[in-house]
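These protein sequence lines are chains A and B, in that order. Taken in order, the first sequence gives residues 1 to 115; the numbers are from the numbering used here. Taken in order, the second sequence gives residues 1001 to 1112; the numbers are from the numbering used here.
These are computed hints drawn from the structure, not numbers from a lab. Treat the hints with caution; some may be incorrect.
Pairwise CB distance ranges, derived in the manner of DEER restraints [to be verified]:
#, chain 1, residue 1, chain 2, residue 2, range
1, B, H1075, A, L115, 35 to 45 Å
2, A, S65, B, I1013, 35 to 45 Å
3, B, V1055, A, S65, 39 to 49 Å
4, B, A1078, A, H77, 41 to 51 Å
5, B, S1027, A, K40, 13 to 23 Å
A short list of chain B residues far from chain A (calculated; beta carbon distances all over 10 Å) [what the hints assert, rightly or not]:
#, residue
6, L1004
7, K1056
8, Q1080
9, P1081
10, G1082
11, A1109
Where is the CB? At the ideal position from N, CA and C, for every residue including glycine.
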Amino acid sequence: ETGVTQTPRHLVMGMTNKKSLKCEQHLGHNAMYWYKQSAKKPLELMFVYNFKEQTENNSVPSRFSPECPNSSHLFLHLHTLQPEDSALYLCASSQGRGGPYNEQFFGPGTRLTVL
Amino acid sequence: TQLLEQSPQFLSIQEGENLTVYCNSSSVFSSLQWYRQEPGEGPVLLVTVVTGGEVKKLKRLTFQFGDARKDSSLHITAAQPGDTGLYLCAGYWGGATNKLIFGTGTLLAVQP
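With the hints as extra help, turn the sequences into a complete structure.
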């Protein structure tokens, strides 16, 4: 059983579509994250949730809307995206609120293509 | 702003060769983590270094944290095709935040 799962694994959408990415963690962690991974750019943190509360929004455009109904599930709602939003979207989870040994466990990602 | 610069960006070597990947910053970090990401997967943690000057070994991989805690290196001895992947360093600034700053990445290909 994998610790962090993401669905769908691949998504192609038009700029006028609305879609959602789903992440689920089976590790009993309290923190969940959304990252964007684009070619030739470092992994970019988008949002952080601790105990279902959003604690970090890294200046992400409002066309990305996160939702964390409980500590095990995290969603990223997408609407009116741009082609430059095409990327690999990674979800991660960790135990606790920081600390140098706070390991983040990543899901396999959703490869998003915006046409 | 690039806070963690990795070099080289790409590396293609033959099986059995040694290599070193560098992670440099002008900022001081409380700790430095190294992750490896294989195609179609998310990054997986390899090691965390916390103390300036610390050296950790994981089989053929040796990790070092700079004395000033601004840089780190990853050395692989006798590389194998299974070492192929994207290597990412990630810095933690400390405090109550669990935010990591990831490096630019080094893509390693080990040819059999």
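Each hint tested on the structure:
The beta-carbon spacing between H1075 (chain B) and L115 (chain A), approximately 43 Å, falls within the hinted interval of 35 to 45 Å. Look at S65 (chain A) against I1013 (chain B): about 44 Å separates their beta carbons, and that is inside 35 to 45 Å. One distance hint, 39 to 49 Å for the beta-carbon pair V1055 (chain B) and S65 (chain A), holds here, with the actual separation near 44 Å. Restraint check, A1078 (chain B) to H77 (chain A): a C-beta distance of roughly 47 Å satisfies the suggested window 41 to 51 Å.
Judged by the Cβ atoms, the range 13 to 23 Å given for S1027 (chain B) and K40 (chain A) holds: they are separated by roughly 22 Å. Not every Cβ of chain A is farther than 10 Å from the Cβ of L1004 (chain B); the closest lies at roughly 7 Å, contradicting the non-interface assignment. No beta-carbon of chain A comes within 10 Å of the beta-carbon of K1056 (chain B); the shortest separation is about 12 Å. No beta-carbon of chain A comes within 10 Å of the beta-carbon of Q1080 (chain B); the shortest separation is about 23 Å.
With a least CB separation of 21 Å from chain A, P1081 (chain B) remains clear of the 10 Å interface cut-off, as annotated. Every CB of chain A is more than 10 Å from the CB of G1082 (chain B) (nearest about 19 Å), matching its label as outside the interface. No beta-carbon of chain A comes within 10 Å of the beta-carbon of A1109 (chain B); the shortest separation is about 16 Å.
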